[in-house]
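Engineer: Chains as they are written, first to last, in our numbering: chain A, 76 to 361; chain B, 132 to 297.
Just so you know, these hints were derived from the structure itself, not from any lab. Careful, some of the hints might be misleading.
Each pair of labels, with its calculated beta carbon distance range [stated by the list, open to error]: (1) A:Ala198 with B:Asp197: 22 to 28 Å; (2) B:Thr203 with A:Phe210: 38 to 44 Å; (3) A:Gly306 with B:Glu169: 39 to 45 Å; (4) B:Ala153 with A:Ser141: 57 to 63 Å; (5) A:Ala144 with B:Arg180: 23 to 29 Å; (6) B:Ala157 with A:Pro274: 35 to 41 Å; (7) A:Pro337 with B:Glu169: 44 to 50 Å; (8) B:Glu187 with A:Gly306: 56 to 62 Å; (9) A:Ala239 with B:Ala286: 52 to 58 Å; (10) B:Ala153 with A:Ala239: 56 to 62 Å; (11) A:Gly240 with B:Asp202: 28 to 34 Å; (12) B:Thr203 with A:Pro337: 40 to 46 Å.
No experiment lies behind these values; they were computed from the predicted model shown. Even glycine gets a Cβ: it sits at the ideal position worked out from N, Cα and C.
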Amino acid sequence: MNQIAYADPNVLVSTDWVAQHGSDPGVRVIESNEDVLLYDTGHIAGAVHIDWHTDLNDPLVRDYVSPEAFAQLCSRNGITPGTTCVFYGDKANWWACYALWVFRLFGHTNVKIMNGGRDKWIAEGRELTRQKPAFAATHYPVPPNRLDAEIRAFADDALAQSKAGKPLIDVRSPGEYKGTVTHMPEYPQEGVLRGGHIPGAKSVPWKTAVNEDGTFKTPADLDQIYSQNCGLRKGEDIIAYCRIGERSSHTWFVLTYLLGYPNVRNYDGSWTEWGNRVRMPIERSA
Amino acid sequence: MNKACPEPPESSPSSQYPARLAAIVALFEGLPEDEKRETLISYADQAARCAPGKDETFDLEDVRKDEECTDTVGIFLKVNPARQVHLRVSLGPQVQILTKAMTSILCSGLEGSTLEAVMEVPADFVPRIVGGQLVRVRSQTVYYVLTRIKSACRAFLNRERAAEAA
């Protein structure tokens with residue numbers, strides 16, 4: 076029998092691994108959450124907090140921080156270009172994957188996800204601390220550019236993808252995809268003017284990639300979902316989207332690192348841009 | 132002549148809040164950002180104490196899971212003859228930390244206020260406590276508990292009016 080493995084098994088680490096190696100030199104554990112104060116209530120010892128909103132997003136324009144601001148963020152968290160950054164967080168690692176994706180945008184390659192995230196760490200009865208670590212500032216060279224063209228898609232890219240009939244993966248809930256709701260379940264304040272999906276997009280909710288405990292499904296299961304059921308082929312240009320780019324970061328991580336698809340981009344403008352933008356084509360399905 | 136319109140105030144004067152809530156608002160407004168976070172965490176830590184006691188009885192109980200919040204929230208209301216409110220709030224384990232903090236703040240800040248005063252509390256105290264940095268997309272449930280408390284007060288008043296009319 077053929078045993079399928081994750082394309083890059085090193086990118087996924089267990090809670091055990093973090094417990095044993097989280098404090099190793101050259102390793103920085105990073106917590107990123109949706110719940111804005113969750114880190115302050117307790118976190119893995121030695122973990123720093125990266126806030127998706129204030130640390131990774133530009134405060135004014137809807138975009139990511141500048142390369143200079145990214146370098147400063149890394150410097151004040153004791154991160155060098157060679158540091159192994161291990162991300163974890165709430166919501167089955169939505170924001171951990173988002174932060175990892177932003178780190179990749181700036182060319183930081185040595186990245187990992189703690190499988191199962193914060194909930195698994197707590198469910199295993201592992202300790203949390205409220206003590207915030209302090210690390211000596213490092214020199215993190217300003218990245219020469221952001222990899223916007225490589226791993227990020229904009230609305231025009233998604234439109235071109237749709238018109239060309241290339242793969243678009245909608246990772247939102249089925250109701251959002253169908254257009255029967257204009258917001259994510261439990262987030263009614265994030266409504267948009269139009270419901271539906273980008274024409275040609277296939278619905279593969281992010282949650283199909285994880286087990287009940289938030290860990291990623293086996294390589295064989297993931298291959299079944301994305302390659303066999305959804306028909307994605309390696310080498311194809313693939314764009315994933317959701318509402319603001321965090322759930323699609325999760326799927327981007329799965330496709331890129333766990334299944335080894337080389338050309339996957341995350342459309343972070345996602346439905347909050349598409350569903351509000353004038354004259355964008357929209358498809359609805361039963 | 133071009134007359135400039137007077138700008139509306141950005142937030143209500145503190146005198147519009149019940150006295151206990153106004154004191155909490157004043158405390159937060161004087162704190163630097165770091166201490167504000169720590170104080171919010173302290174309030175969140177106390178949220179479990181806001182849950183109804185085992186033998187407590189109430190005039191109105193409203194326990195439900197709404198789309199606006201990540202878990203079940205229960206509002207328990209007791210009104211004394213002077214129409215002063217005693218509030219208890221139960222929270223499911225998945226509610227956000229800010230929601231827990233706001234629960235503690237409201238239980239303490241609205242204790243002893245009249246039903247009418249609770250109904251009139253303007254929601255603009257929330258950013259004055261939490262600070263603009265924490266009120267953002269994905270943390271809007273911070274307003275939810277106040278909405279639920281007002282809704283419980285309204286339900287109590289409606290029931291009272293219906294009983295009087297009967």
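Engineer: A separate judgement is required for each hint: does it hold in the structure or not?
Structural biologist: Going through the hints against the structure:
In this structure the supplied range 22 to 28 Å holds for Ala198 (chain A) paired with Asp197 (chain B), their Cβ-Cβ distance being about 26 Å. As the Cβ distance of Thr203 (chain B) to Phe210 (chain A) is approximately 40 Å, the hint placing it in 38 to 44 Å holds. Remark: the range hint 39 to 45 Å for Gly306 (chain A) to Glu169 (chain B) is contradicted by a beta-carbon distance near 51 Å. The hinted window of 57 to 63 Å between Ala153 (chain B) and Ser141 (chain A) is violated, with their beta carbons roughly 41 Å apart.
Roughly 41 Å separates the CB atoms of Ala144 (chain A) and Arg180 (chain B), a value that falls outside the hinted 23 to 29 Å. Between Ala157 (chain B) and Pro274 (chain A) the beta carbons are some 54 Å apart, a value that contradicts the proposed interval 35 to 41 Å. For Pro337 (chain A) and Glu169 (chain B), the Cβ-Cβ distance of about 46 Å falls inside the hinted range of 44 to 50 Å, so the restraint holds. Range check, Glu187 (chain B) to Gly306 (chain A): Cβ separation about 58 Å, and the 56 to 62 Å hint holds.
Take Ala239 (chain A) and Ala286 (chain B): their Cβ atoms lie about 55 Å apart, and the range 52 to 58 Å holds. Remark: the range hint 56 to 62 Å for Ala153 (chain B) to Ala239 (chain A) is upheld by a beta-carbon distance near 60 Å. Taking 28 to 34 Å as the suggested C-beta distance range, the pair Gly240 (chain A) and Asp202 (chain B) does not conform, at roughly 42 Å. At roughly 44 Å, the beta-carbon separation of Thr203 (chain B) and Pro337 (chain A) lies within the given 40 to 46 Å, and the hint holds.
Against the hints set out earlier in the document, violations occur for numbers 3, 4, 5, 6, 11.
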